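*Asks:* Chains as they are written, first to last, in the working numbering: chain A, 1 to 338; chain B, 1 to 338.
Rather than coming from a laboratory, the hints here were simulated on the basis of the structure.
What you are looking at is a predicted structure, and each value in this text was computed from that prediction instead of being measured.
Please note that a few of the clues may not be correct.
Unchecked claim - Sample of chain B residues with no beta-carbon within 12 Å of chain A, all distances over it, derived:
1. N139
2. D257
3. S333
Said to hold, decoys possible - Stretch by stretch, here's where chain B covers chain A in the computed footprint (C-beta under 8 Å, at least three residues):
4. 121 to 134
5. 184 to 198
6. 284 to 292
As the list claims (entries may be wrong) - Across the chosen pairs, the derived CB separations fall in these ranges:
7. E212(A) with Q329(B): 40 to 50 Å
8. L330(B) with A302(A): 25 to 35 Å
9. S114(B) with A302(A): 30 to 40 Å
10. Q329(B) with A124(A): 29 to 39 Å
11. P145(B) with G206(A): 52 to 62 Å
12. A279(B) with A312(A): 42 to 52 Å
13. E161(B) with E221(A): 50 to 60 Å
14. A312(A) with L311(B): 52 to 62 Å
15. A174(B) with E221(A): 21 to 31 Å
16. E120(B) with F125(A): 23 to 33 Å
17. D299(A) with V151(B): 51 to 61 Å
18. D246(A) with L156(B): 57 to 67 Å
19. P286(B) with D299(A): 17 to 27 Å
Beta carbons: idealized from backbone N, C-alpha and C, even for Gly.
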Amino acid sequence: MQRIVLWMVGALVMVGLAVVGGPVLNAGFQPGAAASWVARSGTWTVADGLLVGESGRALFSVELGSVRRVEAVIDHVQGEWATVIGKHESDEAWVEARVSATGITLVAWSGGREKAWTQAVAVAFPATVIVAFAGERARVVVNGETVLQASDGVFADLGGDVGLGAQGQAGFSLFHASSLSGPVLITSLGQSPGALMAKVLADRIGIESTYETMAKPEMVEGNGTLILVIGASSKGLGAAGISVEDESARGAALVAKAQVLGWGIVVMHIEGEPRRGTLTDELIDEFTPVAGYVVVKADGNADGLFTSLCAASGIPLRTIVATAQGADVLADLFGLWK
Amino acid sequence: MILAVVLLLGLTSVAQSPITHDVRPGYGVTSIGWLSDYHSPLRGTPGDTRVYVLDSGVSGGTALVLGGTHGNEIAGVVAAVMLVERAIPTEGRLIVIPHANNAVHGYPDSRCPSCPSWVELNGPDGASRLFRYSPRLTNPAHQSPDSSSYVHPSGLAFAGEEARNLNRVYPGVADGTLTERIAYAITRLVIEESVDYVFDLHEAGVTSRLAHTLVCHPRALQVGAIAVMDLELEGLVMKLEPSREEFRGLSHRELGDLTEALVFLIETPNPGQESGLDAPDVVADPVHPLEERVGVHLAFVLEVLNIGRSLGHPPVSVNGVPNHQQLVQLGVSTWLNW
């Protein structure tokens with residue numbers, strides 16, 4: 001067990017595996033590799049893939065827009081609550097969600113005043129908690145259910161860092177923060193119709209998007225988000241006159257350009273089990289680890305391939321049962337939720 | 001001598017007349033014609049078939065539904081008959097050909113010797129109705145013997161017997177084989193009636209990769225993608241496949257290329273088309289009963305029309321048709337005329 005106790009503001013916690021890709025931060029917790037967490041108070045340790053905090057806060061400094069979401073998997077809470085910090089400009093200006101077994105409290109501190117919104121709800125751990133902000137609105141999602149929504153100017157005003165906290169002891173197994181924005185470039189990796197489905201989903205929620213089955217790196221310009229929809233169709237590849245190797249090379253070039261420009265990258269596999277197969281799996285293996293976020297239809301992950309790939313890279317994996325539910329996921333990711 | 005010629009012509013005429021079927025038009029039917037109305041050389045041949053027009057009297061688009069392209073794909077036939085008997089258009093027109101290839105009857109099905117020649121559906125008060133269950137291809141007695149290969153006008157070569165497959169010979173040939181003339185007449189109908197939507201209702205073996213598939217011409221793919229996603233939310237799971245360039249001769253490719261219509265082909269799983277089954281029950285199969293398959297066909301037809309309307313395509317609205325759940329709960333017979 002690697003145990004690092006930090007008392008000073010600004011000290012570094014060695015909690016490993018943090019990947020910052022443009023407007024996306026993914027932090028897994030493996031001992032040994034350095035990352036830029038800052039313990040503001042309390043005791044923070046890393047063991048067995050968990051970050052365990054006691055009576056304090058740990059922050060991660062990352063430049064995200066005001067429209068943002070923070071997602072964490074809270075493994076356990078021993079004590080009063082675990083905290084997911086959505087915005088932290090200073091010790092006098094922050095917003096956080098406190099999660100206990102019996103409820104959620106969203107707390108905002110700004111201008112010397114505290115505001116709080118509380119919702120009693122039974123929370124089962126491990127719990128996936130999302131704290132999201134869009135303009136003056138904020139919401140907290142727990143295990144896939146929106147349990148609290150609030151509207152206040154403070155949510156729009158604040159920005160700053162993101163982080164985690166504990167009152168008592170809390171363990172965390174995943175941390176993700178993002179501020180994805182349009183325009184979105186949607187392309188297929190494998191030339192199946194899944195990318196068109198993603199385009200339909202994007203249109204449904206009003207994201208400005210471009211759908212191009214054979215998108216090239218030249219189309220990655222300015223700011224934006226790249227959505228790679230994986231699904232290989234031998235007929236589709238044949239019709240396009242390309243091989244899966246060609247798709248791999250095109251995808252790699254797109255990813256490289258997106259990373260240079262700081263785009264977020266979302267990988268989707270939304271056609272389910274019928275679209276799995278050797279060719280598709282080659283693309284899944286190659287491109288899932290470069291994603292900032294992964295969306296998969298449940299029967300397309302029946303063998304746990306996405307689960308294992310995402311766990312190995314500390315990438316959040318969102319599972320949908322029906323393809324149409326992907327619209328809600330995109331709305332969540334892009335701050336377009338109702 | 002003259003009498004003999006007249007008798008011979010008469011006998012020939014009788015022998016070659018199109019087979020009629022037990023179709024009981026409902027209140028939505030506004031006129032009944034023949035396919036030969038669109039290509040007169042078809043008149044008096046076994047390939048002629050009834051064309052049912054259901055005109056709402058309200059301006060809008062036109063949808064064409066083809067059942068019975070293949071004689072053994074019974075769910076498509078019954079779905080089309082059900083439209084003739086129950087549908088009440090409220091906007092635009094519906095044109096239905098329940099037996100698109102009416103020349104498939106009257107010879108044994110070598111692919112499925114144990115399949116029935118008739119399907120009997122039981123109604124109220126001991127009544128029953130019979131539907132022909134015929135082979136897939138045009139009766140060889142109606143067409144020149146098969147060559148070793150059939151070469152589509154595009155140059156694509158098929159096995160010789162495919163010359164008798166209606167869904168390999170589109171857009172048809174005006175003075176070609178009987179099967180080509182049928183395809184030509186359907187193509188003429190689509191053009192002359194300014195058809196906006198074409199639905200070709202098919203079935204496949206239960207383990208075939210085609211089963212549970214919605215094939216869409218590329219211009220129809222967006223509408224198809226939405227339909228697949230929306231109906232999945234209701235438990236109707238279908239794969240989405242685009243009509244590839246190499247699918248020459250097939251309805252969805254050729255009619256989509258030649259006309260402005262959005263063309264779809266729907267495939268449901270029919271145990272009668274599964275090789276290796278000794279006694280397939282094409283009506284009461286416990287996994288894929290007829291009512292379930294008919295329900296899928298009708299659900300996709302109506303959903304596509306709804307989506308087309310919402311996306312600004314010419315509107316066709318239809319009342320009176322049972323939804324999938326009603327069909328599964330109450331059976332096919334409930335929704336036919338007795």
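*Asks:* Could you run down the list of hints and mark each one as holding or not?
*Replies:* To see whether the hints hold, each was checked on the structure:
| no. | hint | result |
| --- | --- | --- |
| 1 | N139 | holds, 32 Å |
| 2 | D257 | holds, 14 Å |
| 3 | S333 | holds, 31 Å |
| 4 | 121 to 134 | violated (count 0) |
| 5 | 184 to 198 | holds (count 3) |
| 6 | 284 to 292 | violated (count 0) |
| 7 | E212(A) with Q329(B): 40 to 50 Å | holds, 44 Å |
| 8 | L330(B) with A302(A): 25 to 35 Å | holds, 34 Å |
| 9 | S114(B) with A302(A): 30 to 40 Å | holds, 35 Å |
| 10 | Q329(B) with A124(A): 29 to 39 Å | holds, 36 Å |
| 11 | P145(B) with G206(A): 52 to 62 Å | holds, 60 Å |
| 12 | A279(B) with A312(A): 42 to 52 Å | holds, 50 Å |
| 13 | E161(B) with E221(A): 50 to 60 Å | holds, 54 Å |
| 14 | A312(A) with L311(B): 52 to 62 Å | violated, 41 Å |
| 15 | A174(B) with E221(A): 21 to 31 Å | violated, 52 Å |
| 16 | E120(B) with F125(A): 23 to 33 Å | violated, 59 Å |
| 17 | D299(A) with V151(B): 51 to 61 Å | violated, 41 Å |
| 18 | D246(A) with L156(B): 57 to 67 Å | violated, 25 Å |
| 19 | P286(B) with D299(A): 17 to 27 Å | holds, 22 Å |
This entry does not satisfy hints 4, 6, 14, 15, 16, 17 and 18, going by the numbered hints stated previously.
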